[in-house]
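So the protein sequences, as listed, match chains F and G. Residue numbers 1 to 269, in the numbering used here, belong to the letters of the first sequence in order. Residue numbers 1 to 269, in the numbering used here, belong to the letters of the second sequence in order.
It is worth saying that the hints were derived from the structure and are not from the lab. Fair warning: this is a prediction, and the values are worked out from it, not measured in the lab. Among the hints, erroneous ones may be present.
Same chains, same names: a pair is fine if it fits in one copy or spans any two.
Claimed, not checked - Once the Cα atoms are required to be at most 27 Å apart in a straight line, the calculated DSSO-like pairs of lysine-lysine come out as:
(1) K100 x K127
(2) K67 x K86
(3) K264 x K121
Now for the letters of each chain:
Number of protein chains: 2
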Amino acid sequence: MNNAAIGVFDSGVGGLTCVKELIKLLPNENIVYLGDTARVPYGSKSRETIMSYARQDIEFLKQHNVKMILVACGTVSSVLPAMDIKSDISISGVVEPAVKAACSATKNNRIGVIATSATIKSGIYGKAIRSINPNIKVVGKACPMFVPLVENGYTAPDCVPARYIAQEYLEIMKKEDVDTLILGCTHYPHLTELISDIMGEGVTLVSSGAELAKYALNSLSYSDDTAEREERESLELYCTDSVELFSENVERFLGNNINAQISKCSLKL
Amino acid sequence: MNNAAIGVFDSGVGGLTCVKELIKLLPNENIVYLGDTARVPYGSKSRETIMSYARQDIEFLKQHNVKMILVACGTVSSVLPAMDIKSDISISGVVEPAVKAACSATKNNRIGVIATSATIKSGIYGKAIRSINPNIKVVGKACPMFVPLVENGYTAPDCVPARYIAQEYLEIMKKEDVDTLILGCTHYPHLTELISDIMGEGVTLVSSGAELAKYALNSLSYSDDTAEREERESLELYCTDSVELFSENVERFLGNNINAQISKCSLKL
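Isolated chain F (complex conformation) (with noise of 0.2 Å):
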């Protein structure tokens, strides 16, 4: 038993999708999460940007003695095993959770990946593949607008910019006749109704935090780490800009009956 919090990080507020799917799943679990809002988005920057800030955001987590860090962010997790980091928790990102469940949803060994143009770049998601199975052919696509489009709220599927778009996107995954999709970015599952639609009912599609908050399920009982309560104590939700802008974006991403504590931090800005 370990009654220590579970520590979650994002670049902004997608990371929420994945706070989302553990409030579910572990609803004894306190949770810290911290959502770099003043440096949003980390996915159109560099490598060494983006991991002088994961540093920094892992740091953070730990002065809060949580027991674990789930990487809730893509762009970072892309990064995170060139980063070399030691360390006595945990730390786990997004790619190999969403890439187990990617290679056993898949029948035609055809996957598609949908990604900040950082994590695209770094071509984690192709090597993790095909470490598991080198028959599998993976197909890369960096979806710069998407992050945007969400934050604006253009996800409808009948929402033509937002159609357009993700249909520019999506032809080449079409085109490859991938059946499974990696949403590989926590923004993305606000968008699944439209790309559902224009994949079609035989894809797919796996959220890459759905899959990170199972994980975390998996790993605490099997390593015997889950609290020792009825339910939780305290949801703590950190962000770098301020509070009020955040927590509109709290509500949307969690609704509006959620019992959290809304603070800033400050980091090294």
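Take the given structure of chain F and dock chain G to it, following the hints.
Frame of chain F, contents of chain G only:
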């Protein structure tokens, strides 16, 4: 005569539209430009965070011994008066030059302003315009999708998503019958053709970055602070994220026959 360089900064690459004008108008002036690409964008962030970043940007340019600082960022310009900066050298934003140009241009006393959320929230354009002529009606509209559209190359007048979103944003401007529209964010001139097409021929578009460059020309001439040389000696461009990512944009904004020195610098990241 004053041979020190002109300092210019922006949250990212948008301010290069002002540099482009400076190069044309003041071909013998040295220029030092800073784009805070590691923390871009500013326009969706809080007033407090924007001010804190802007102070660091200004400090950086001061260390380069510039003779004047041009704030080629609509968002920072909108908080500049509230920052109450004590400085030996002049620090000028885009608001005043753009407002003067718009007030001269309007015939029906109806001016529109499009800009980032932070700029529109500040209400600064309304205040500045009414201080010149209280009879002018000012219509403001935040256009948060315009920066990602420009940065991802969705700018052509026949581009479906750009046109759809622009029509949505500009509807109020047509309804309110503005005859002059201030492009209050330095990214927006890339959408000039599209915006003109939607607004119609009778509407004057005022580019805030270009007006700021004209202001610099007038101000240096007036105070006899122009440089004493035939041709520019240096165009130094600094960014806070990788030079590689920045260079691509420099070419897109300034063309590829620009003789510029591009370096990465560190603020307090």
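Against the structure, the hints come out as follows:
In the homo-oligomer, the alpha carbons of K100 and K127 lie at most 27 Å apart inside one protomer (13 Å), although the nearest pairing across protomers, at 57 Å, exceeds that limit. Taking the shortest alpha-carbon separations for K67 and K86, only the intra-copy value of 15 Å comes in at or below 27 Å, while the best inter-copy value is 47 Å. With identical chains, the CA atoms of K264 and K121 are at most 27 Å apart between copies only, with a shortest distance of 21 Å across copies and 32 Å within one.
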